[in-house]
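One letter stands for each residue in the lines below.
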Amino acid sequence: MPPPLDLTNLPDADVVLLAQQGRERAFRELVRRYERPVFSLIYRMVRDREASEDLAQDSFVKVLNHIDRYRPEFKFSSWIFKIANNVAIDFLRKRQLDTVSMDGSPHAGSASEVEASSFELADRQETALDEMEAREIGTAIERAIARLRPEYRSCIMLRHIEGRSYEEIAATLDLPLGTVKTYIHRARNELRVALQDVRE
Amino acid sequence: MDHRHLLPSEIDLLLDGDAGFGLAPLRAHARRCPECQAELEAARQLVALLDDLPHFAPSASFADRVMADVQVFEPWHVTLADSVRRLVPASRPARVLAAAGALTTAFAMTVAVVALLGRLDLVVFVTEFLADRARAAVVATLGNAVTAVFGDVAATALARSGSAGVALGAAAFLVSLVVATLLLRALTLAYHRQRS
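Residue numbers (our numbering), protein chains in the order written: chain L, 379 to 578; chain F, 197 to 392.
Pulled out of the complex, with its shape left as it was, chain F reads as follows:
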């Protein structure tokens, strides 16, 4: 080893800090030979410069532009799990409080449902009462509208005809509406064609 200087490949071996039996004589030579020491030091400085080179940053919108072209399909159960996870408080005391609140609410709702089921007849009576009131309000409103548009005679005839008459009247109205729309569209198209 002493009769020659270190080869460039041997300097590389020393730079990379590999372990091995063959490196001990290389290190020993580098310690004794000023020229090889200088070469090794210059190589180390080069490596330090290279190791110190910075990363360059792309533009601020780079990530958004990438994601615009990436096909992400998130299954519904993953979205649901993430949504639930976001609702869970971070701290343990808050989680305990939230759990207590949820349990209390669930218990109260269960008691209310059980109580209602026990008084089902009352629930049915109230529901039917509200439905009758709503139906009466709708019929009155429609009656007023028909009277305003078609007059008292038509309104009376419609009221006497019952449900079938009302359904027929509604169907006639819808058909007239569709026919009118189609006619208007045809007229508009003809007008535009004539102008062009």
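Same shape as in the complex, but just chain L:
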């Protein structure tokens, strides 16, 4: 008889198979693996922590309640990122958020809403001047990302934060490969221009 299942080291496809057999631990493992990436993607899209948690929860519930529809020839990560991106885009269309201040959403109506829509970044172990400069650049890049069009934002985050290839991004977002390359190219250009002042 084999020892108790250790899901941590199994590839996604095997964990999904176990989830399709009804194993609750497999469902929880999928949530554990993707809660941060999915939440981060949505949070950088909509800039509202509470809404991002709800949207991320909806994304997982949609995927896990239809786990029987998963096809092993595609990556599970692509599937869940696609759902997450779609719910974020739908939310933005409803809210019509174009730009967001790093100091909080312009739609925030109270101190708690300002805090919920502003960013918190981790401290770094550097000199005071390095830390100040790093925080400034780090904040500047988050600002710059926030100013990108949602489509550009999704592509640049999937490319650089999630490390996806152009082909995977195209499959995830249902876009032609050329469009993905164009979006990433334009996003990098806009970010480069936005960060010019900080560097100088």
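If you are wondering where the hints come from, they were derived from the structure by calculation, not from laboratory data. Every clue listed holds true.
Simulated restraints, written as ranges between beta carbons of each label pair: (1) L:Arg410 / F:Ala277: 18 to 28 Å; (2) L:Lys440 / F:Arg282: 30 to 40 Å; (3) F:Ala290 / L:Thr517: 52 to 62 Å; (4) F:Leu283 / L:Thr386: 15 to 25 Å; (5) L:Arg410 / F:Val320: 58 to 68 Å; (6) L:Thr386 / F:Pro271: 15 to 25 Å; (7) F:Ala302 / L:Glu451: 39 to 49 Å; (8) L:Lys453 / F:Arg282: 30 to 40 Å; (9) F:Leu373 / L:His444: 52 to 62 Å; (10) F:Val320 / L:Leu395: 52 to 62 Å.
Note that CB positions come from ideal geometry on N, CA and C, so glycine has one too.
Guided by the hints, dock chain F onto chain L, whose structure is given.
Just chain F now, with coordinates in the frame of chain L:
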């Protein structure tokens, strides 16, 4: 290539590290042209910043809230297999010991059952003896209860009537109990209606 600088799309190609025949002249130009080298370096720094962006974490209860809305149906055979798997020790020596213990217990129980089957008459005698003792105890207890409630005369009459009489008495008691309950309920409802 030398008469112009790198286009932004060509810088992107170099950033992505793709392989291809067309990239060699781009790389060669970037090595010779300080302006393009600076552009490429700035682009690389941007990419490094992007690659370094952290993941944000949701709240600690996020996973539990997700699972509360997920419909998980675990078939009984999966639950059974997981339960058995949890009982199996992790280390090989412990598994060997557990298997030896299980085999010994199974063997001893088999021997006991076979021995009992060989002395079936003894098993039947003991079972009947214990059943008689239990029946006598129950009858005595019921008799004492009936005597306490209804008196000696009723208890004697009930004892003489045999099983049919006892069954009739029990049925009468149950019917009385149901009727009393319904009456009490009706009275309570009437009282509450009157109060409101």
